[in-house]
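Residue numbers (the numbering used here), protein chains in the order written: chain V, 1 to 158; chain B, 1 to 118.
Source of the hints: derived by calculation from the structure; they are not laboratory data.
Check before you lean on any hint, since a few could be wrong.
[To be verified] Covered stretches of chain V (chain B as the covering partner; in silico rule of three or more C-beta atoms under 8 Å from a C-beta of chain B):
{"#": "1", "segment": "47-53"}
{"#": "2", "segment": "111-117"}
{"#": "3", "segment": "123-130"}
[What the hints assert, rightly or not] Computed list of chain B residues with no C-beta within reach of chain V, every gap over 10 Å:
{"#": "4", "residue": "N2"}
{"#": "5", "residue": "L3"}
{"#": "6", "residue": "G9"}
{"#": "7", "residue": "F11"}
{"#": "8", "residue": "D31"}
{"#": "9", "residue": "R32"}
{"#": "10", "residue": "L36"}
{"#": "11", "residue": "S40"}
{"#": "12", "residue": "D43"}
{"#": "13", "residue": "A49"}
{"#": "14", "residue": "A83"}
{"#": "15", "residue": "T91"}
{"#": "16", "residue": "H100"}
{"#": "17", "residue": "Q113"}
On a predicted model such as this, the values are computed, not experimentally measured, just so you know.
Cβ atoms here follow ideal geometry from the backbone N, Cα and C, with glycine treated the same way.
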Amino acid sequence: MTGPSWREGHGDLISVCFCAEVGAVRAALIAVDASLQEKGIDRDLRDRAQIALAEACNNIVEHAYPVGDTIKAMIGLDIADDRGGLQITLRDRGLPMPDGQLPGIAWPAIDPDDPLTLPEGGFGWPLLHGMAQALCLSRQSGQNILRFHLPRIATHRQ
Amino acid sequence: MNLSFKSHGTFGILRVDDSRIDASVAIAFKDRFRDLVSGSSGDVILDLAKVDFLDSSGLGALVAARKLLGAGRVLELAGLTPAVDKVMTLTRMTTVFPIHPDAQAAVAARNAQPSATP
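Just chain V, same shape as in the assembly (with noise of 0.2 Å):
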């Protein structure tokens, strides 16, 4: 697995590409991190990026690039420092979303005195929505670009 290149690109703190693939989602991720950490931005804003990076990179991973060409598939990253936060980009030149929509903000239903009919999925995308303030996608030139900003201080979505 090769790991993730960083380059020149629009982001003032992280501009890094990598494969399309979980392996090499996850070792950008764990670079990523360490990058941020060095570059001073503390543990609350680092963890709420990962969540969120990992929940939109799989995506990507599954739906943008569902026929597993690792060679071309690729994603690009850019991070920028925002008002003491972070304004991420995410690049990719899979398929677009269906309908160039998001997909839905609502949780999927649990019954805590149920537990053997909890739901394995769903979470993704209401995470990524509540970690993420303005996020929106856009088809340009056959790219998908997915752009969100993550605030110095939380302010989840329950």
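Position chain B against the provided structure of chain V, taking the given hints into account.
The following block gives chain B in isolation, referenced to the frame of chain V:
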């Protein structure tokens, strides 16, 4: 996936010795969990103190692990680090799993409970 299980009679402690439960190891986690608990009975305390990151795939693996135990056994969680706690709280999984500060506290809570048999 680095998991180890120790039986303590009426319950067992399953320790995760990896720093992340994410999409790249979710299936391995489920398989390993099944292998480790299948030969035992009783509740399972999952010690997550070494885990500093859990994504929604990892959360799905914890839910699958809970289901694997079935109705007669309980899966308790111990030692949630801040990022893991954040995911568990936001998804309301804190209402599903009994949660303890650490494995020692989970065992102490168990010993403090009045015995079910007279």
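These are the hints, each one checked on the structure:
1. 47-53: Satisfied; 4 residues make the cut.
2. 111-117: That given contact holds, which follows from 3 residues of the segment 111-117 of chain V lying within Cβ reach (below 8 Å) of chain B.
3. 123-130: holds (count 5)
4. N2: 15 Å, holds
5. L3: It holds; L3 (chain B) is separated from chain V by about 18 Å at its closest Cβ, greater than 10 Å.
6. G9: Check passes; 23 Å lies beyond 10 Å.
7. F11: Its Cβ never comes within 10 Å of chain V, the nearest being 17 Å, so this holds.
8. D31: Holds, because the least Cβ-Cβ distance between D31 (chain B) and chain V comes to about 15 Å, which exceeds 10 Å.
9. R32: Correct as stated: the minimum Cβ-Cβ distance to chain V is 17 Å, above 10 Å.
10. L36: 19 Å, holds
11. S40: 19 Å, holds
12. D43: Since the minimum Cβ distance to chain V is about 12 Å, D43 (chain B) lies beyond 10 Å and the statement holds.
13. A49: Correct as stated: the minimum Cβ-Cβ distance to chain V is 16 Å, above 10 Å.
14. A83: 4 Å, violated
15. T91: T91 (chain B) is in fact no farther than 10 Å from some Cβ atom of chain V, at 5 Å.
16. H100: Per Cβ check, H100 (chain B) is outside 10 Å of chain V; nearest 17 Å; holds.
17. Q113: Non-interface label on Q113 (chain B) holds, nearest chain V Cβ at 19 Å vs cutoff 10 Å.
Of the hints listed earlier, those the structure fails to meet are numbers 14 and 15, in rising order.
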